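J.: Chains as they are written, first to last, in my numbering: chain A, 548 to 1107; chain B, 548 to 1107.
Keep in mind that the hints were calculated from the coordinates and are not lab data. Bear in mind the structure is a predicted one, so any value in this text is a computation, not a measurement. Backbone N, C-alpha and C define an ideal beta-carbon position, used for all residues, glycine too. Since no wrong hints were added, every one of them can be taken at face value.
Only part of the chain B face toward chain A is listed, based on derived beta-carbon distances under 7 Å:
id, residue
1, D722
2, E788
3, G865
4, H900
5, D978
6, Y1013
7, H1057
8, A1059
9, A1082
10, L1098
Far from chain B by the CB rule (all over 10 Å, computed), these chain A residues:
id, residue
11, G596
12, S599
13, A608
14, A613
15, R616
16, P620
17, E669
18, V671
19, A880
20, G888
21, A986
22, G990
23, E1045
2 protein chains.
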Amino acid sequence: MAAEHSPGSTRSTPAGRTAAAGRSWWGWGRTDQALPDSECAALATMIPGLPSAPLPVPDAAALTLAPPRIRVPGSLAHLVSDGTADRAAHTYGKAYRDVVRALHGDLAAAPDLVAFPRTEAELVDLLDWAGTRNAALIPYGGGSSVVGGVEYRGGDHSGVLSLDLSAMDRVLEVDTTSRAARIQAGVLGPALERQLRDHGGGLTLRHFPQSFEFSTLGGWLATRAGGHYATLHTHIDDFVESMRVVTPAGVSESWRLPGSGAGPSPDRLFLGSEGTLGVITEAWMRLQDRPVHKASAAVLFADFADAAEAVRAISQSGLHPANCRLLDPGEAALAGAAQGGDSVLVLGVESAHHPVDGRLAELCALAADHGGRVPASASAPGGGDGDGGPAARDDAVDAWRSAFVRMPYLRDGLARMSAITETFETACTWDRFAGLYEAVRTGTAAAVKEITGSPGLVNCRLTHVYPDGPAPYFTVIAAGRRGREVAMWDEIKSAAMETLGRHGATVTHHHAVGRDHRPGYDRQRPEPFALALRAAKSALDPRGILNPGVLLGSGSPGAG
Amino acid sequence: MAAEHSPGSTRSTPAGRTAAAGRSWWGWGRTDQALPDSECAALATMIPGLPSAPLPVPDAAALTLAPPRIRVPGSLAHLVSDGTADRAAHTYGKAYRDVVRALHGDLAAAPDLVAFPRTEAELVDLLDWAGTRNAALIPYGGGSSVVGGVEYRGGDHSGVLSLDLSAMDRVLEVDTTSRAARIQAGVLGPALERQLRDHGGGLTLRHFPQSFEFSTLGGWLATRAGGHYATLHTHIDDFVESMRVVTPAGVSESWRLPGSGAGPSPDRLFLGSEGTLGVITEAWMRLQDRPVHKASAAVLFADFADAAEAVRAISQSGLHPANCRLLDPGEAALAGAAQGGDSVLVLGVESAHHPVDGRLAELCALAADHGGRVPASASAPGGGDGDGGPAARDDAVDAWRSAFVRMPYLRDGLARMSAITETFETACTWDRFAGLYEAVRTGTAAAVKEITGSPGLVNCRLTHVYPDGPAPYFTVIAAGRRGREVAMWDEIKSAAMETLGRHGATVTHHHAVGRDHRPGYDRQRPEPFALALRAAKSALDPRGILNPGVLLGSGSPGAG
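Chain A extracted, bound-state conformation:
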């Protein structure tokens, strides 16, 4: 793969970097964590009607991709790879539909080239070149998009360059007085926390999305990721002090400010812009003191509606638990956190400064007021501070946490068995929640039955909660038909999206819009705001080369 550099050619493996070692090109995470065939088959026995053997995993090196339609000039060649493995791994994100298509060897959307700039100047050169050639440029982040955010879907570009910032992965500066750090956008979660830890000072970003290991700071910012905190500071947005964004019209850098009222927030325009307005290269992020006091509890409810009322009371209490996740009966059973139709509320409190047992007791009392059963053993204060999310000692909490981290690998195992298994998330005000929950469960179950011919599972958990409403997260598991998995999922997803829209629930709380959520997003977004956003896009990216088809446009330059 390591072709010699010659003017006008591209290296297969750019200098100073190798393809992400041990990473799955087709599925979630690390190859050594993927389920072996036997486990895939065993898992599939849960769901009647599936094939008996898993889909084989194609060998990336043996894939045949169309030859690249574009090539960069010699001055940029060392930054770019046209290697099959790199192109295959950068074709899709990690949505269910992405995994299935990769397993079926459907890689028609593969980018022509993958670029790995090491500096902002190199990124600017790549952007300039793409502009002159009308090449689409797709910021890849960590590649964990589950909404078609990193996949080119047509338009009249001359070619497609996937932009991988993994070489820009440093914590550049730490201000321990203001508790903030300047961090490059390409860093993955664990490396970010490791560098903060190495710096000393006991500071942490403490942003732990489920994708933590395999997603980047830049991706979190571009998609308004949801993190560790179930209340108060749920989105990464709140931790942004300033951002630096390379646009085709120039570099935008906001001032480091703890707060400001000077016009509309520049950062808030780029937060959630999903690579359509510019490429985020670094940000000053607000940090936390590493918590030393922690306590958690799992509260059981016989009635889900009671549990939801308990969560509402907690969300409106001003107690701000770090963790406040409610698993409905199906989700609790699937996670092994409860049985017999109980719902489980996982509560966690933490502080770097103060004991938190009293706060946990207040939370448990609120839960008990609403019919929750607080196990005597459940309010043990816990230590430990893992990088992977809330640490806790309670059995139900542990069960939930293991399932949380393991879930994407199970999903891939089931995908190999042609089971349909995917998630979607939303948020709505409390007055609408009961109706939404019922409508999504019954509506999606009906769609599953109609589309797959068999009943499926539709479970729900609340991942984040606000005083004025929860963010429900739905999991759907159903028997697919081999070769028809994607089409079936798309139909189910479309029915679910329609239900969300009908109930005034957002098309996404923290998975972003990408290309998959466009129908719901286009309905939700106020039309004058769409006009403003299109105008901003035209001003910053006049040639329409940045992530075409995401948020705006049809993929063609100039389309709305």
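Mind docking chain B on chain A? Use the hints.
T.: Below, chain B alone, put in the same frame as chain A:
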């Protein structure tokens, strides 16, 4: 004034409304609260070198304004006033320079007409008409702008219409489950809270800027006002669930959502847009339970730097006090809250659910750790829940609060004596605060000396604080020269703005940009964001009639 309606004419007093009874046309607030001449003169003895008698207050009815250059068609005539008193009262906001100009009878900038729409449909009609006539349209809010936000300053418009939404002042709907209310933009603070109280349910918006009595919900949203909470939820932004905005390109209404990650936030584009992109007509606002537990304390510090370190520790403690205001020695003395060079830290905690004495004790302990002296009597839990801001029982707290509410009237009294007295506010990260504080105090004092020939007072308080930095609020008092007050203030202000910019401190934390802060704002705003904002403006307000010269442009259509 109440001329009969005839086609093509305008009524002096539109049907269904009278001019704001008891409101000062030239200065702050209510006429019955203004200082009598004798008190003005007595106050002025504090400052050597002032004239012995106050400027007289011109009689609004006796003012001569240029005849209106525009008139509305008969169908709109009942919504519009061309009365001298209405036009005079809508000429300026309430900045020092506005008050002085009004006192000198300088009303060349008076709007041609003042419109009082009662419904959104009427507002749309006015907007459409203004567009066809190239008339500038200036949303007035409550008229409390201190940054030239409501004053026309030229351009090539055919005329100027000041837009007063005071007839759109209702709480339309309350959702007690989600704790939110749909509220019309024209309502003033007290009427808003009164309607919420009348509705029952114990809910409150609890947004108490210093201008509370004389500013509107729409104004708060358009300017990203700073409110009651010194920590955590400082700006009105965080309480917005959805907004409805009338733009020349159509009505924008975001969905009611507790949280969302669907693209850049539409609300965040309109928050802080200061009437340049559209007119906010209503919003769903997140409410709070009315607090029943309150406690407050005033902590004294011999050293201001220690006090600032205490505030930093508190801001980073996760204790989230509702009040955390630090007065430097000059400010404390002026407010009568401390003497002998002490700084005063006013702390307040409150909750609708839980006793708060423990939290106050933790805060006081943190303050004591940094050298604060906590008076034995100071941590008395207080009751009461006034509409005017934090309620408290402590003497120093009371002294500060009285001064806070009374300050604008004192400023006007001093203005009548040709004293220069005005405030500006900012925010910066903690690592820069000590340097900024020193630079603003010495630099502004030097500017005062140079420009006025006498030393002045430059005091500081912290109004809001964040884990990564404070929002300092500076007060300047100096001897002006009659007839030269505005020019002198502008020079002092310009020097201060330059100092802020040099230290990377925002040009405004919650006073907005308006026209007065444009130089600092233009420097602070990233240029690509300016491109995007100009493009958004052109898309939503293609004729450039909305509040020209604020945030963008020079006042002329098409200017950047």
